[in-house]
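J.: Residue strings, one per chain:
Protein chains: 2
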Amino acid sequence: MTAPGTITDYLARRAAEVNQSLGALMPSEDTPPEKLHRAMRYSLFAGGKRLRPALVLASGEAMGAATEDLMPAACAIEMIHTYSLIHDDLPAMDNDDLRRGLPTCHKAFGEATAILAGDALLTLAFRVLAKESAAQDPERRLAVINEIAAAAGSFYGMISGQMADIESEGKQVDAHTIESIHRAKTGALIGASVAVGGIIARASDDEIARLRSYGQMIGLAFQIADDILDVTSTSEQLGKTPGKDQAANKATYPAIHGIPASEARACQLIEDAVASVQALGRDTRALEEIARFIIARRS
Amino acid sequence: MTAPGTITDYLARRAAEVNQSLGALMPSEDTPPEKLHRAMRYSLFAGGKRLRPALVLASGEAMGAATEDLMPAACAIEMIHTYSLIHDDLPAMDNDDLRRGLPTCHKAFGEATAILAGDALLTLAFRVLAKESAAQDPERRLAVINEIAAAAGSFYGMISGQMADIESEGKQVDAHTIESIHRAKTGALIGASVAVGGIIARASDDEIARLRSYGQMIGLAFQIADDILDVTSTSEQLGKTPGKDQAANKATYPAIHGIPASEARACQLIEDAVASVQALGRDTRALEEIARFIIARRS
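Chains as they are written, first to last, in my numbering: chain P, -2 to 296; chain V, -2 to 296.
Keep in mind that the hints are not guaranteed to be accurate.
Same chains, same label: a pair holds when it works inside one copy or across any pair of copies.
Claimed, not checked - With a Cα cut of at most 25 Å, we get these calculated DMTMM-like pairs of lysine to aspartate or glutamate:
#  : residue 1 : residue 2
1  : Lys104    : Asp93
2  : Lys32     : Asp171
3  : Lys168    : Glu31
4  : Lys128    : Asp66
5  : Lys32     : Asp93
6  : Lys128    : Asp203
7  : Lys104    : Asp223
8  : Lys46     : Asp93
9  : Lys46     : Asp94
10 : Lys168    : Glu26
11 : Lys32     : Glu108
12 : Lys104    : Glu166
13 : Lys168    : Asp27
14 : Lys32     : Glu164
For the record, the hints were derived by calculation from the structure and aren't laboratory data.
Make a model of the complete structure from these sequences and hints.
T.: The structure is reproduced here in structure tokens:
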């Protein structure tokens, strides 16, 4: 970490930096079509923890990149994460009314606007990746776009995870399937976030692979922790309706393994992830603390 | 044109080339999640005319690019066009049951799958643009991504047009508004298709601007022709439900200007577009013929 303080202080500081950059990259609320841009900003600034951008920054800085070279990719990944939440919440998908304690995008702006706001955030993310941060060489910038597009896509990426998640509803799924859903739905984009930091920092292929692996492990642990929180939390703590997974008969890690084994698995993944980045021989304290924070969080 | 034949022969030949490349770029139907990839291929191979890819190829070849360097961008733009159709057809948007004579994606695969199939096609398009066609220099490839992302986006791009179109339903809109909707919804991506050919061919900024302008003009003419067809065609000719615009109380060009004035405007746009590319001093016959075909088509 570049400054003393707890991990929550660190994340709050990074979130403030990211929010400032996001604000500058997003069309303003009075840019036509105004309702669409209001909806995009509403969901983007609904109080997300900015975990993925923080991982881009922490990873890239550990490997020697400058913060300003990392920021456009950090913001683009948050736009993609936000689009995925907007679309996942739609009535035809998870049909959620609340997200981070606020009405979901389609509840606040209507379904058509929510679909288009998601589409527009995904599209804007790639524009930001192609256009901003002129300091990086173009080959690296294309590698970043490829890494993110693969992680967000239908081929073992985020969309394949959401699709498999929907298809698993009401079905008996085995331990292997639930883990592969979590890896795709959450692990892929978090893995890409950490890898992208390495790519921008001109890390070697081996180092990038190690960073990606750290990200995939903490991403899986994050999703297991999310499943546990869904069972054990109240609505107020969670900012969304708890018990939704169970009610929807959704495949979850604790439903198959029970809560103690799920907690043990999440802890083991975090320790493996920490060991993986420590082996890089860099100052990876921020990455280590973020990993531990992920399973300690209460919302 | 590179070979003798009518414009319909030319377009059929380019469509066959594009379909072959699209088939190779798309995950197969037995790639998990199978249902998602089937849905993506279903809509992508539902008989589109491949107008936008043909424009990328015709423009780029006129400016001296090799076909194989143009093909990935041509395919990516068709993926983006297809995603926009899937999402526009959704119940929350235009609520269409038929597209090109076939059930729309959500009718055939369900709404959740259709939303994700659209998301995945958009994401894959950017992956193709970043990863394929190693022959091009990376700076040009980033310029192509930026051109396409801007044209597909919420800031005067395709999504802003769809949003404005939805918002105009049931309202009195003036001639200026209807034209700006058409320019954004259809003109922007067609303009980008033609510009991208120029970018890949290393055309000058002035030449690229001229190509983009040709594309924007024929795109507007295309949409005006589409509005006229909606009024005058049968369901069989159109492959979708005619009179939908009127039933939905949608803003259309003929509703404001009448059919004769709409036809005259479309013709004038085409003649201006043809004059614009003729001034390039290249063999732009394919572009000229495509422009004239756009308002002569009957479906």
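J.: With identical chains treated as interchangeable, where does the CA-CA distance between Lys46 and Asp94 reach 25 Å or less: within a copy, between copies, both, or neither?
T.: Classified as within: same-chain Cα gap 20 Å, cross-chain 40 Å, threshold 25 Å.
J.: For the identical chains here, do Lys168 and Glu31 meet the 25 Å Cα criterion within one copy, between copies, both, or neither?
T.: between (42 Å within a copy, 17 Å between copies)
J.: Using 25 Å as the alpha carbon limit, work out where Lys104 and Asp223 are close: within a copy, between copies, both or neither.
T.: within (23 Å within a copy, 33 Å between copies)
J.: For Lys168 and Asp27, with the copy left unspecified, which applies at a CA distance of at most 25 Å: within, between, both, or neither?
T.: between (46 Å within a copy, 21 Å between copies)
J.: First find the shortest C-alpha distance between Lys168 and Glu26 inside one copy, then the shortest across copies, and answer within, between, both or neither for a cut-off of 25 Å.
T.: Between copies only: 22 Å across, 43 Å inside.
J.: When no copy is specified for Lys32 and Glu108, does a C-alpha distance of 25 Å or less occur within a copy, between copies, both, or neither?
T.: both (12 Å within a copy, 24 Å between copies)
J.: Using 25 Å as the alpha-carbon threshold, which applies to Lys128 and Asp66: within, between, both, or neither?
T.: Both: 12 Å inside a chain and 21 Å across chains, each within 25 Å.
J.: Could you place Lys104 and Glu166 in one of the four classes (within, between, both, neither) given a Cα distance threshold of 25 Å?
T.: both (23 Å within a copy, 20 Å between copies)
J.: Classify it for me, Lys32 with Asp171: is the Cα-Cα distance of at most 25 Å met within a copy, between copies, both or neither?
T.: between (43 Å within a copy, 20 Å between copies)
J.: At 25 Å max between alpha carbons, let me know whether Lys32 reaches Glu164 within a copy, between copies, both or neither.
T.: between (33 Å within a copy, 9 Å between copies)
J.: Up to 25 Å between alpha-carbons, please classify Lys104 paired with Asp93: within, between, both or neither.
T.: Classified as both; 9 Å inside a copy, 23 Å across copies.
J.: 25 Å Cα cut-off: does Lys46 pair with Asp93 within a copy, between copies, both or neither?
T.: This pair counts as within: shortest intra-copy Cα distance 19 Å, inter-copy 38 Å.
The structure is consistent with each of the numbered hints, conforming to all of them.
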